[in-house]
Each structure stands twice: as C-alpha cells, then as structure tokens.
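Here is how the chains run, residue by residue.
2 protein chains.
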Amino acid sequence: MGLVVQKYGGSSVADAEGIKRVARRIVDTRKAGHEVVVVVSAMGDTTDELIELAEQVTPIPSGREFDMLLTAGERISMALLAMAIKTLGFDAQSFTGSQAGVITDATHNKARIIDVTPGRIRSALDEGNVAIVAGFQGVSQVSKDITTLGRGGSDTTAVALAAALGAEVCEIYTDVDGVFTADPRVVKKARKIDWIAFEDMLELASSGSKVLLDRCVEYARRYNIPIHVRSSFSGLPGTIVSNDNPNKPEGGEMEQAIISGVAHDTSEAKITVVGVPDKPGEAARIFRAIADAEVNIDMVVQNVSATSTGLTDITFTLPKTEGQKAIDALNRVQDGIGYESLRYDDAIGKISLVGAGMRSNPGVTATFFEALSEAGVNIELISTSEIRISVVTRAEDVPEAVRAVHTAFGLDSDTDEAVVYGGTGR
Amino acid sequence: MGLVVQKYGGSSVADAEGIKRVARRIVDTRKAGHEVVVVVSAMGDTTDELIELAEQVTPIPSGREFDMLLTAGERISMALLAMAIKTLGFDAQSFTGSQAGVITDATHNKARIIDVTPGRIRSALDEGNVAIVAGFQGVSQVSKDITTLGRGGSDTTAVALAAALGAEVCEIYTDVDGVFTADPRVVKKARKIDWIAFEDMLELASSGSKVLLDRCVEYARRYNIPIHVRSSFSGLPGTIVSNDNPNKPEGGEMEQAIISGVAHDTSEAKITVVGVPDKPGEAARIFRAIADAEVNIDMVVQNVSATSTGLTDITFTLPKTEGQKAIDALNRVQDGIGYESLRYDDAIGKISLVGAGMRSNPGVTATFFEALSEAGVNIELISTSEIRISVVTRAEDVPEAVRAVHTAFGLDSDTDEAVVYGGTGR
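If you read the protein sequences in the order shown, they are chains A and B. With the UniProt record's numbering, the residue at position 330 of the first sequence is 330, and numbering never jumps. With the UniProt record's numbering, the residue at position 347 of the second sequence is 347, and numbering never jumps.
Treat the hints as calculated values from the structure; they're not laboratory data. Do not rely on the hints blindly, as some may be mistaken.
In this list, chains with the same sequence are indistinguishable; a pair is considered to hold if it fits within one copy or across any two.
As the list claims (entries may be wrong) - Simulated crosslink set (DSBU-like; lysine-lysine; CA at most 35 angstroms straight-line):
1. 189 <-> 144
2. 210 <-> 279
3. 144 <-> 188
4. 144 <-> 31
5. 144 <-> 20
6. 188 <-> 325
7. 20 <-> 325
8. 320 <-> 279
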C-alpha cells in the first residue's frame, strides 16, 4: 500500500463533471490505502485560449511572461480538484510547481527539470492529505522565475515526482485505454498493449505515438519508475511500461522478435540539401548550422556520392513547424558550404515498426517491405535502429501503409475496437 | 521624476484592446521619466467565472484552494500586460504577490497585509523594468500559502507597495473620472471632486461610495501616500486624496464647513432587538454575540428606555449578506439575555453627508434635515461623526433623498455629466 502518483490530462478535467469524476477516482485510490500525489494539467482548451489571448496582445510574447501566463491554467484545475476531493470528505492541498519543489533550468517555455525537492509534498502526505501538483511548471534555480516544461511537461512532472518520492507506480490517466499496437483512428483492429518495455515505448514515442512522449519515458527508464497508462473514463487496466514484463511468457519465445506496434507521424517535413561537395566536414557544417538555429532533426540520410561530379545530397526530416527556421539557417551558410540548392517537402509521412529482436530476425525487415510493396506504397527514406525500422512515404499513403504493416505482423485484434485519441500533449 | 505606482482595475484590462491601451498609458508615464510599478486586477469577469467553476465543483470551497484558484486571474492579466509593454519597446517583468513580497496573515479569502518586502521589485526597477504586480494576493507568513486580500485588495496592494517603495503617488485607474460629490447614476448633476482629505474620503468610502474602499484609504493615510483616482479611458486628471489640498483656498473660508459629498448605500439591513432588559452589560452581551459570529456592524442606536417597563430596544445596521448569521447568533443567546424578539428589515437605505467643519456649523445639520423633509423622506435612524451625518430611510426614498441633499448644499454642477460607475470592487 505504497505511494501512487497519478497524472490527469486536460481532457480528463475539461469541465466540472470531469473534475468530480477524477476526484472520485483519486478518493478510491486513497480508500484502498495508498498515499496519493496527483499531477494535473490545465482544463480542456484553457491553454489554447491563453495562447490566443497572448497572440492578440503581442506578436512575439516574452518567454518569461508567456510562462507566467500559461501556468495560470494548472492553478485553476488543481484548486478545483482539491476542492472536489474535500467535498468527498478527504483532505487535499494543491501546490504550484514551485511549491512542489520542481526546480528547472531557466529555458522558458521548454525548461528541463534539474532537481525535485518535494519537502512540502511529503509533509502534506504525512498530514493525511492528497497532494495535488500543477503539471507542466517549475521554478528556475537561480532567478526563481516561473518556467514551463514544454510538450509532455505534465507527464514528466508526474514521473519526476514519482522518482523523488519513491512511488510504487506512476499512473498516467488519459482519454484512451492505453498504448495501442497502432493508432486506433487509423487501424480499427489495433490492440491495446498490456505491457511494453521502456526501450520499445521510447521508440514508439519518438516515432509518432502520442500517448506518451519520449522525454517522460526516458525519465522513467532512468529512475526505473513503472508507468501505467490508462483511461480516466473507463477505469480499466491499461498499459504497463516498465523494465520487467509482469506476465513474462514461459520459455520458447525468448529469441523471437516481439513486435510492439506500428507508429506513424505526419507532422514532419523533409529537407534535401542538393549538390553538397563530397568532402570531410561538409555534413558537419550543415548540421552545425541547423543546431545553432535550435532545430531538432529526426532521420538523416546521405546518398552515395556520384563519383563523376564529386557532389552528394543530404536529406533529413524535422518538424514542419521548424521548417522555415532550418531553411533560413541553411540559406545563411550556402556560400560557405557551396551546396547547389535546397528542396523542401512537407507532404511526407513516417511509418515505424517497433519491437525487440528485430535486427537479429532478418525476416522482420523483409516482411515489412513486402507489406508496403503489396500495398503499393513507395519508400523514400529508410532508417533503422536496434528495435525499430522507419520509412518515409507520401503522406497520403500513411493510413494504408500502417494498416498493411499491422496486418502483416499479426497485430490485428479479432474485434473492432472503438476508441478515440485526443489530448493536448501537455 | 520619482516612482509612481499605478493600479488598473478589471474593467480597464477586460480584453486585449484594454490591455494594449493600459500598456500605452504605462509607457507614457515611463517616457516622462518616472519609475513605474503597476498593480493589476484580473481581466473583466474572470473572477466571477472562476467562482462559478468552484460552485459547480463544491458547495463549500476550501479557503486555501479558493485563493489558489482566484489568483490565477491576476496571473493572466499581469503576464499579458508585461508582454504588451515589451511590444512597445520597454522592459517589463510580472510578479505574483508572493514574488513581490506581499506578506499577509493566514486568513484565506480576506487576508491582511502584515509586511511588504519588495526586494525583487526594487531590483527589477533598477534594471530598467516596469514592474507588474498581481493585485489582490499575497503569501502567508508562516505557512507560505497563497492568500487573497478580499474586497478592495488590489487597491490595497497598490497603496502598500507605494508605501514600501516610497512612491510619489499611487494612481488608481478605474472606469470613472474620479470621486464625485454623489453617485452620478443617481445624481446627474454630481461633480467630480478635485481634492479630498483622507478623513473625508474615509467617511465617503464607509458610507457607500464605491470608488475607493475604506481599507485602502486607511492604509494610504497611515503612510501618507497621496492617491490619485482617475480614468484609464479618458486620461484626464481625476481626484487627489491626500493630507494637504494642493490648491488650498486663500483665507476667508477656513472656518466654513466644506462639504465633500453625499454618499448612499442600499446594501445594508437593520436588526432591532426588542425588549432588552435595561441594565448594565446587556448591550455588551448582544454585541459580543454578534462579534463572535464575525459580523461587522455599522450604525448602532439605542432608544431611551421606557421607565415603566424597564425594557429598551437596540437597533443596528449591517451588510444584508450577514443578516442570517447575525440572527442565528442572537437566537442562540436569547435565553441568556432575555430579550423579547428580533425585527429584521432589509428594505432600508443610508444617506450620508460628508465634510469638514460640520459639527461646528449647526446650520449644516439643519439644512440636511430640511432637505430630506421637503423631499418627503422619513428618517428612521440618525448617526453622526465629526465630519459626517448619516440617516437611515426606506430604500425606495434613497435616490430622491440624495438628489435633494446634493442640491441643498450647492453641490450640483452646471452641466449634466455623463459617467457610468462600474468595477468589481476588487
């Protein structure tokens, strides 16, 4: 009967009814004898409304003030949730990120947690309270300014508190029943995954699965905090993300590839730097320019140099939202590097197959490409890791490609599931 | 070219346009060479919306959580205002009550300021910033919990910061042009007052004038901080509240009564305790019972005892909202005190005439009663102070009574003014 950290997303607390439902779920956990720390996001569309207000006031909001503004959202939801729990006869106290001891660096809008000092949370628990903590926010170590953690920040807050408090498990409540073998909006026969290893979840997350973000999974893996992703609506058991499968299969299957799922992502664009002189250091200069512009890139492919010209092409993918920044950065260094031209393409999609034992089971790659080929999907880029194969295709081919791969690996369930994805990713 | 504290109410920052208008006004003050500290309320109806949300979640919100909830409002307005100022090319930083060093006691929902330690504000000013501070909120000294200051809290925040920082003046921006000789919604010919002494303003405020609350005026008087009440829309000079009239009249008039204005209040009720034994200590027991119920009372009148019965009546006025609490408290002590019955009447109104030199000018009282009599207004209670006469009448007589008194004392302006009162009193 240890400590449980529960995180509820914006869609779970979208209105007063949602807040009351979440309060009942928390109280049930408390009644079962657990100490409970709750991390909560802003209600429904609050964050979007605040962003819109900022846009009405200024074209370029200051980072510090933008964080001050956005953190009002969690303040509202956490106070209301604490009130709702008290109405059910249990003690509860709400805490801002700062009060909860979430210490970050000073990078406004996407701060990183550098320490968690949950003294007030521990005291509140010792006094019999449920502790409600604002997700997504912290306070900078030196300047004591309010910061926000960026995308996935509330999940990361929950995992960080779970680690600092030595929690048994970190439950991430969302509006879906768990992690699926593919996006159920695309693949009707997608199955809920009962257990998945941290590594596989990391690859799924970085390949476009939106249920958990890689940042939060990375944190949980580092501190070995099991995550339980589950629905705040159904209350059913969801997906456990941890080191050890609690229901490990008995013998026999240990050397077989275990496919976790198929992820896809249509939020990226592709930039090809055409005609790069094929000599040492050129690629480095390109990616230094991109890095200096603070653009995160994903896949990178360099074609074989055409020996007759001494020129090569370098292609990489990146979030569409950072496309303009990357192109500006590359334009500035064109003369220095001497490449010929840039090609930008944002009508692409990425399909990734994730699973353990893939590299040592050559049949996996073959089956993957065959499935795509039979579905008539053309492959533009390929990238692989120990437990993942990703390909880039035309964006319009993505749904068909995901379904084909899902079926080819025997992931289809026997029944059509009816679930809807959502959430703000905050 | 000293330090100016400016306070903007919710109606001044009701939307993005309002915030931008306020930002321009702040920047104008900055350009004139002043250091500027701004205290801001929540936008428009934000507070009411948050209260409604709380009501949807729980019938009795916890004080601590209610404060946590409400303080989200100022967080939004102050961050947006800081952004808007930066867009105009000036540096600005926003601060919560806690960050600004507003230290209070632990009485949630109506905390009192016990200290102001504005170190971060001073530093921000030294670095060339406009400092934006959340009104209405602070942090409790011992438990470090977020508190709110209750009605008039933002004005009090502004005056307290002005005192702690040694400001030249505290400008209270509102949606009217200043303090008027009567409520312009009732008296069309009400005139704006250019200057009024702290004492007179205190009497006006406690007699029903809603432009400034007595709490804020009391604070300003104690630290001798001049208040300038003015419109954030027109930008015209408003009303100066201070110790010394900057335009003191030359000779001659010094001993004459100077009438400041006529205030009225229809938010009170009247309770009469009928048949109280006329012996020492009975009144004390009644008012101890009222005080223990934390009910604030206003006027108190005891009728002359009817010697034949040895019984007397005690009447007092109090906010209507506290009527039930007071009656409950009195019912509980009826057996101990032995009074006969209670009479409750909430259809009353109070009209007050405020001005210096009133007591020593008997003509003032006479003129006051004559005016009411000619207007056919019946007087139910009378109470006076050194600089005020108040009477209680039927509520429906109030508008006519105010106009009659205003005219009788020569306060009518030559032109009809067109102004509208408003604001949340926060």
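Hint check:
For a Cα distance limit of 35 angstroms, the shortest separation of residue 189 from residue 144 qualifies neither inside one copy, at 49 angstroms, nor across copies, at 52 angstroms. In this homomeric assembly, residue 210 and residue 279 never come within 35 angstroms of each other (Cα to Cα): the closest approach is 39 angstroms inside a single copy and 78 angstroms across copies. When the C-alpha separation of residue 144 and residue 188 is checked against a cutoff of 35 angstroms, the pair qualifies neither within a copy, at 48 angstroms, nor between copies, at 51 angstroms. When the C-alpha separation of residue 144 and residue 31 is checked against a cutoff of 35 angstroms, the pair qualifies only between copies, where the shortest distance is 29 angstroms, while the shortest distance within a copy is 37 angstroms.
For the homomeric pair residue 144 and residue 20, the shortest alpha-carbon distances inside one copy (33 angstroms) and between copies (27 angstroms) are both at most 35 angstroms. Taking the shortest Cα distances, residue 188 and residue 325 never come within 35 angstroms of each other, neither inside one copy (37 angstroms) nor across copies (60 angstroms). Within a single copy, residue 20 and residue 325 get their C-alpha atoms only as close as 44 angstroms, which misses the 35 angstroms cut-off; across copies the closest is 29 angstroms, which meets it. Taking identical chains as interchangeable, the C-alpha atoms of residue 320 and residue 279 lie at most 35 angstroms apart only when both belong to the same chain, with a minimum of 29 angstroms there against 86 angstroms between chains.
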